[in-house]
Amino acid sequence: MLEIRNLHAAIDGKEILKGINLTVNKGEIHAIMGPNGSGKSTLAKVLAGHPQYEVTEGEVFYEGRNLLEMTPDARAREGVFMAFQYPIEIPGVSNAQFLRLAYNEKQKHIGEEELDPLEFKDLLKERAKVVEMDASFMTRSVNEGFSGGEKKRNEILQMAVLQPKLAVLDETDSGLDIDALRVVAGGVNQLLTPDNAIIVVTHYQRLLNYIVPDFVHVLADGRIAREGGKELALELESKGYDWIKMPEQNGKGAVAPAK
Amino acid sequence: MRMVTELVKSENSYQAAFNAVRELSPTVAWLELVRGSAMDRFEQLGFPSVRDEEWKYTNLASLAKESFQPAISREEIVHGDVTQFAYPETANAHLVLVNGFLREDLSVKSGLEGVVAIDLFSAVADARYNKVIRMYLARYAGYHNSGLTALNTAFLQSGVFIWISKNVKLETPLQITFAADGIGQNSANFPRVLIVAEENSSATVIENFVSTGESRYFTNAIAEIVLKEGARLEHYRLQRESNNAFHVCTTSTELGRSSRYDTTSINLGAQLSRHDISVVLDHEGAETSVDGLYMVGSDQHTDTHSVIDHKQPHCNSHQLYKGILDGNARAVFNGKIFVREGAQKTDAMQTNKNLLLSDKARVDTKPQLEIYADDVKCAHGAAVGQLDPEELFYLETRGITPELGRSLLTYGFAEEVIGKIKIQSIRSQLDEAVLRQLDTSLEA
Numbered sequence: 309m310l311e312i313r314n315l316h317a318a319i320d321g322k323e324i325l326k327g328i329n330l331t332v333n334k335g336e337i338h339a340i341m342g343p344n345g346s347g348k349s350t351l352a353k354v355l356a357g358h359p360q361y362e363v364t365e366g367e368v369f370y371e372g373r374n375l376l377e378m379t380p381d382a383r384a385r386e387g388v389f390m391a392f393q394y395p396i397e398i399p400g401v402s403n404a405q406f407l408r409l410a411y412n413e414k415q416k417h418i419g420e421e422e423l424d425p426l427e428f429k430d431l432l433k434e435r436a437k438v439v440e441m442d443a444s445f446m447t448r449s450v451n452e453g454f455s456g457g458e459k460k461r462n463e464i465l466q467m468a469v470l471q472p473k474l475a476v477l478d479e480t481d482s483g484l485d486i487d488a489l490r491v492v493a494g495g496v497n498q499l500l501t502p503d504n505a506i507i508v509v510t511h512y513q514r515l516l517n518y519i520v521p522d523f524v525h526v527l528a529d530g531r532i533a534r535e536g537g538k539e540l541a542l543e544l545e546s547k548g549y550d551w552i553k554m555p556e557q558n559g560k561g562a563v564a565p566a567k
Numbered sequence: 004m005r006m007v008t009e010l011v012k013s014e015n016s017y018q019a020a021f022n023a024v025r026e027l028s029p030t031v032a033w034l035e036l037v038r039g040s041a042m043d044r045f046e047q048l049g050f051p052s053v054r055d056e057e058w059k060y061t062n063l064a065s066l067a068k069e070s071f072q073p074a075i076s077r078e079e080i081v082h083g084d085v086t087q088f089a090y091p092e093t094a095n096a097h098l099v100l101v102n103g104f105l106r107e108d109l110s111v112k113s114g115l116e117g118v119v120a121i122d123l124f125s126a127v128a129d130a131r132y133n134k135v136i137r138m139y140l141a142r143y144a145g146y147h148n149s150g151l152t153a154l155n156t157a158f159l160q161s162g163v164f165i166w167i168s169k170n171v172k173l174e175t176p177l178q179i180t181f182a183a184d185g186i187g188q189n190s191a192n193f194p195r196v197l198i199v200a201e202e203n204s205s206a207t208v209i210e211n212f213v214s215t216g217e218s219r220y221f222t223n224a225i226a227e228i229v230l231k232e233g234a235r236l237e238h239y240r241l242q243r244e245s246n247n248a249f250h251v252c253t254t255s256t257e258l259g260r261s262s263r264y265d266t267t268s269i270n271l272g273a274q275l276s277r278h279d280i281s282v283v284l285d286h287e288g289a290e291t292s293v294d295g296l297y298m299v300g301s302d303q304h305t306d307t308h309s310v311i312d313h314k315q316p317h318c319n320s321h322q323l324y325k326g327i328l329d330g331n332a333r334a335v336f337n338g339k340i341f342v343r344e345g346a347q348k349t350d351a352m353q354t355n356k357n358l359l360l361s362d363k364a365r366v367d368t369k370p371q372l373e374i375y376a377d378d379v380k381c382a383h384g385a386a387v388g389q390l391d392p393e394e395l396f397y398l399e400t401r402g403i404t405p406e407l408g409r410s411l412l413t414y415g416f417a418e419e420v421i422g423k424i425k426i427q428s429i430r431s432q433l434d435e436a437v438l439r440q441l442d443t444s445l446e447a
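Chains as they are written, first to last, in our numbering: chain A, 309 to 567; chain B, 4 to 447.
In short, the hints are calculated from the structure, not lab data. Being a predicted model, the structure only gives us computed values, none of them experimental. Ideal placement from N, C-alpha and C gives every residue a C-beta, glycine not left out. Don't take each hint at face value.
Each computed BS3-like pair below joins lysine-lysine, with the alpha-carbon atoms no more than 27 angstroms apart [claimed, not checked]: (1) B/423 to A/429; (2) B/356 to B/380; (3) B/425 to A/429; (4) B/314 to B/169; (5) B/363 to B/314; (6) B/59 to B/356.
Which stretches of chain A does chain B cover? Using the computed rule of at least three CB atoms under 8 angstroms from a CB of chain B, they are [stated by the list, open to error]: (7) 370–383; (8) 404–411.
Using the sequences and the hints given, assemble the complete structure.
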């Protein structure tokens with residue numbers, strides 16, 4: 309589904325990603341871990357197409373197509389979704405308006421029926437159950453005045469509405485208390501099917517107790533320093549990131565994933 | 004009649020037209036005197052010039068140069084042309100003025116129980132109304148310092164008088180549509196409104212400035228509003244004039260004890276528009292919200308000058324003006340808040356925010372606070388900005404195209420003002436105006 313080859317990316321001329329290689333197949337959950345500044349969030353933003361990040365080298369293929377040539381909105385309509393670490397507030401636009409527009413843009417794109425406000429309300433009500441969100445959030449402006457936890461739930465609600473093929477969750481656990489974490493993780497798990505894939509970007513292992521990854525990739529200084537199965541996350545939790553050795557100079561120092 | 008018309012068409016025609024009006028529409032002595040001295044005052048003051056600090060950014064030179072002909076007749080428009088301007092909510096309470104003249108034949112008043120809603124000029128001659136009109140007319144919108152106000156006053160020959168009786172709660176919003184006929188070229192229209200809301204009354208009034216065509220004309224309007232003790236008025240002013248028109252308007256309101264005045268001014272039309280709005284909080288416990296939205300594009304120019312004058316203690320004012328500018332448009336916002344000596348416990352808040360959608364648009368904003376009391380709570384601020392790229396990116400990551408995203412963010416910006424409007428069909432109409440490019444409805 310997703311193939312990242314030797315990806316280099318920079319912001320303001322400063323190289324952050326220094327040769328990432330990653331393959332994600334459908335039905336898989338991948339965790340990207342790493343210390344602050346290792347490039348985790350940059351990877352998520354590059355996949356979503358953030359205009360401030362410049363890809364300086366490498367390729368990304370999504371379902372056999374060159375993802376980097378697609379605009380952010382086209383990526384989204386093709387099924388790529390990023391849950392933001394810091395969801396943006398959109399004053400004056402209600403959650404329901406926003407979600408219906410986004411939903412209909414996608415429906416239009418795949419040649420499916422668009423929904424009018426009433427029809428969409430029913431769909432929204434159904435999908436909101438996934439993250440246990442109250443109907444009152446639908447009439448409020450997007451993320452405006454939401455608590456940190458509510459914003460993260462709202463991200464997963466959007467994921468539930470758009471049903472992406474590839475979801476990238478950027479530090480979705482940050483700022484969540486344990487109950488909210490459980491709800492958000494539960495939502496994500498409900499949305500996983502054999503046909504889609506999820507990349508979980510996280511600093512801490514605790515989210516991975518709820519969203520259990522098939523593969524764990526540890527980033528250090530813009531490269532994948534270590535790869536393994538879910539047990540790698542536990543090892544990191546007990547030993548800390550200092551334990552990860554820096555990759556070799558050629559950038560291919562990662563060990564083979566333990567299957 | 005023909006002779007009069009020809010006379011009016013002569014160049015630089017205000018004085019000539021004034022003589023014709025006097026001949027055609029004589030009135031009671033006191034008003035004759037007011038009109039006469041207003042005309043004299045206009046002759047002395049003329050149109051404001053950019054040398055005047057209050058007109059620094061708005062140049063009326065081309066208005067002054069062009070010879071607009073004061074409208075002197077009321078018979079050119081047919082019913083079909085104006086029904087389109089009626090909001091469903093006001094079906095039973097809709098006054099229609101064409102080129103400044105009240106047209107009873109086009110107006111509907113069945114929903115106006117307890118309210119006098121008649122031709123202002125005719126009412127002056129009626130003993131029942133003469134006294135109250137004389138007390139308030141040309142008092143809050145004085146003509147001694149403003150050439151534009153003087154000109155409107157000199158040409159008072161119709162207009163609307165609204166008198167809301169004590170304790171009356173008017174359920175139906177009252178709409179006043181000021182239609183420019185849009186056919187005749189270069190007409191000068193002088194709509195005039197006087198609203199007196201008696202004690203503990205409550206009402207909603209919509210002033211709606213429109214045109215049936217895209218002709219070039221000049222609207223110079225005045226509304227004077229008086230709220231007595233405990234009265235409440237919700238006031239909407241919608242300006243959607245022809246894009247070739249000049250529109251100047253003065254709204255002057257005086258608030259009685261514990262009265263409440265909520266006004267929202269929407270400026271979308273005209274090539275050049277100027278709104279002078281003043282609210283005087285002249286008795287304790289009065290409250291007002293003075294909101295507005297201007298949305299202009301191409302070569303449009305819009306200017307709002309507002310004065311909120313706290314003269315007595317324990318009054319609140321809240322002002323939010325938002326602007327959306329595209330193309331080469333230019334906007335001016337000048338908001339003064341005075342807190343007079345002794346006006347303790349004043350709570351005044353003023354905000355002006357502008358969104359520039361093009362590199363060529365420009366806004367001059369100047370919020371001003373002058374405080375002469377020491378126990379007050381006042382704040383003001385202004386901002387000029389563009390659409391936030393992070394917000395746009397967020398929308399794009401949800402599959403929304405950049406074009407649609409820009410419309411949606413613009414809509415969201417305007418919604419802070421539009422969303423507060425209590426009349427559904429006005430909200431929808433404005434949403435539509437903001438979302439012109441959007442091919443989908445945002446109802447939800």
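Right, here's what the structure says about each hint:
A hinted pair counts as satisfied when its Cα atoms are at most 27 angstroms apart, and residue 423 of chain B with residue 429 of chain A qualifies at roughly 23 angstroms. For a cut-off of 27 angstroms, the pair hint linking residue 356 of chain B to residue 380 of chain B stands: about 21 angstroms separates their Cα positions. Of the pairs offered as hints, the one joining residue 425 of chain B and residue 429 of chain A holds, with about 23 angstroms between alpha carbons and a cut-off of 27 angstroms not exceeded. For the given pair, residue 314 of chain B sits about 25 angstroms from residue 169 of chain B by alpha-carbon distance, which is consistent with the 27 angstroms threshold.
A threshold of 27 angstroms between alpha carbons decides the hint, and for residue 363 of chain B with residue 314 of chain B the separation of about 40 angstroms lies outside it, so the pair is violated. Our distance criterion of 27 angstroms between C-alpha atoms is met by residue 59 of chain B and residue 356 of chain B, whose separation comes to about 20 angstroms. For a cut-off of 8 angstroms, the count of residues in the segment 370–383 of chain A with a CB near a CB of chain B stands at 4, and the three-residue condition holds. With 6 residues having a beta carbon nearer than 8 angstroms to a beta carbon of chain B, the segment 404–411 of chain A meets the requirement of three or more and the stated coverage holds.
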